[in-house]
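Trainee: The residues making up each chain are set out below.
Protein chains: 2
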Amino acid sequence: MMTIRRFQEGDWPQILPFLHDAVEAGDAFAAAPDSSEADLRHDWLVAPRATYVACADDGAIVGSYILKANRPGLGAHVCTCEYVVAQEARGQGIGTLMCEHSQLEAAAMGFRAMQFDLVVSTNDRAVRLWQKLGFAVVGILPHAFRHRRFGYVDAVVMYKEIVTPD
Amino acid sequence: MMTIRRFQEGDWPQILPFLHDAVEAGDAFAAAPDSSEADLRHDWLVAPRATYVACADDGAIVGSYILKANRPGLGAHVCTCEYVVAQEARGQGIGTLMCEHSQLEAAAMGFRAMQFDLVVSTNDRAVRLWQKLGFAVVGILPHAFRHRRFGYVDAVVMYKEIVTPD
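Heads up: the protein sequence lines correspond to chains A and B, in order. First residue of the first sequence? That's 1 in the numbering used here, and the numbers climb one at a time after it. First residue of the second sequence? That's 167 in the numbering used here, and the numbers climb one at a time after it.
In short, the hints are calculated from the structure, not lab data. There could be a bad hint or two in this list.
[As the list claims (entries may be wrong)] With beta-carbon atoms standing in for the labels, derived distance ranges: (1) B:L270 with A:M1: 52 to 62 angstroms; (2) A:G91 with B:E190: 42 to 52 angstroms; (3) A:T3 with B:G259: 54 to 64 angstroms.
[To be verified] Lysine-lysine pairs mimicking BS3-like chemistry, simulated, CA-CA at most 27 angstroms apart: (4) A:K160 with A:K132; (5) A:K68 with A:K160; (6) B:K234 with A:K68; (7) B:K326 with A:K160; (8) B:K298 with B:K234; (9) A:K132 with A:K68.
Even for Gly, the Cβ is constructed at its ideal location relative to N, Cα and C.
Kindly produce the complete structure, drawing on both the sequences and the hints.
Mentor: Have a look at this one:
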């Protein structure tokens, strides 16, 4: 049984290793692959509106996600999230659980839509998962992501309204 | 004859009134309509990589634009710009001049593409102008902009590669 809860002081040392690995891979996150711990801490704990962790039965943290407004001012009713799952815990549906959880949290905070600005096109597992969870492919940004191994690859803009429009 | 040059200390008092008016209108810029001067100064002079002004024959500043990376890290080769033209100087092609200028500047800085994340769909003059200048409509974000008069309206994602892909 997986549980998802808010980040607590003391969780960071469990998140950092798999977040670091995911960023260093340079195949899914926009953050620079050589981001320092201070950079990652800022991205994951300071900049977001909220940070969450997914815990396995034994309490071990196996995933984490952040939630924040995607734009300022007149675009601030649209949020965005970033999700990361520990390498050894992939394929168990933790990404799905976290994305569903994040939509409920976002709606409760008053956000009306969720947007992913830069889904890496070669990360087709992610694109398919977000589609399965109701996100539409808004369009393709040619060569918008500098993939660490493949060079410039396309990025996908994805979007889902989480509150029924007026 | 319009000239476009880098922002210089002393230009701000000429830019502030028309930038303030454009933001307050709440029909084109994401910035909150009640942005303070400090907010506007941050958005226009601190956050951007560079700020430019368009000057009329007599040296009066009639427009301004900013240029910056649109994303961090592996998305930082794509830039974005925001343009503003003084109300009394509209319809003279200053937006076109500034956009063409910005593409040259961006290419010289090493950017490979330019993206507008949130072009307000009801601002059809802007959408048509960017299309005329080679930007493609990547897609539509339903209800992504909270227009001051019209409420939630669609936003358009626009994109142009300014360097020929490898």
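Trainee: If a hint holds in the structure, say so; if it doesn't, say that too.
Mentor: Status of the hints after comparison with the structure:
| no. | hint | in the structure |
| --- | --- | --- |
| 1 | B:L270 with A:M1: 52 to 62 angstroms | 58 angstroms, holds |
| 2 | A:G91 with B:E190: 42 to 52 angstroms | 51 angstroms, holds |
| 3 | A:T3 with B:G259: 54 to 64 angstroms | 59 angstroms, holds |
| 4 | A:K160 with A:K132 | 11 angstroms, holds |
| 5 | A:K68 with A:K160 | 15 angstroms, holds |
| 6 | B:K234 with A:K68 | 21 angstroms, holds |
| 7 | B:K326 with A:K160 | 24 angstroms, holds |
| 8 | B:K298 with B:K234 | 22 angstroms, holds |
| 9 | A:K132 with A:K68 | 22 angstroms, holds |
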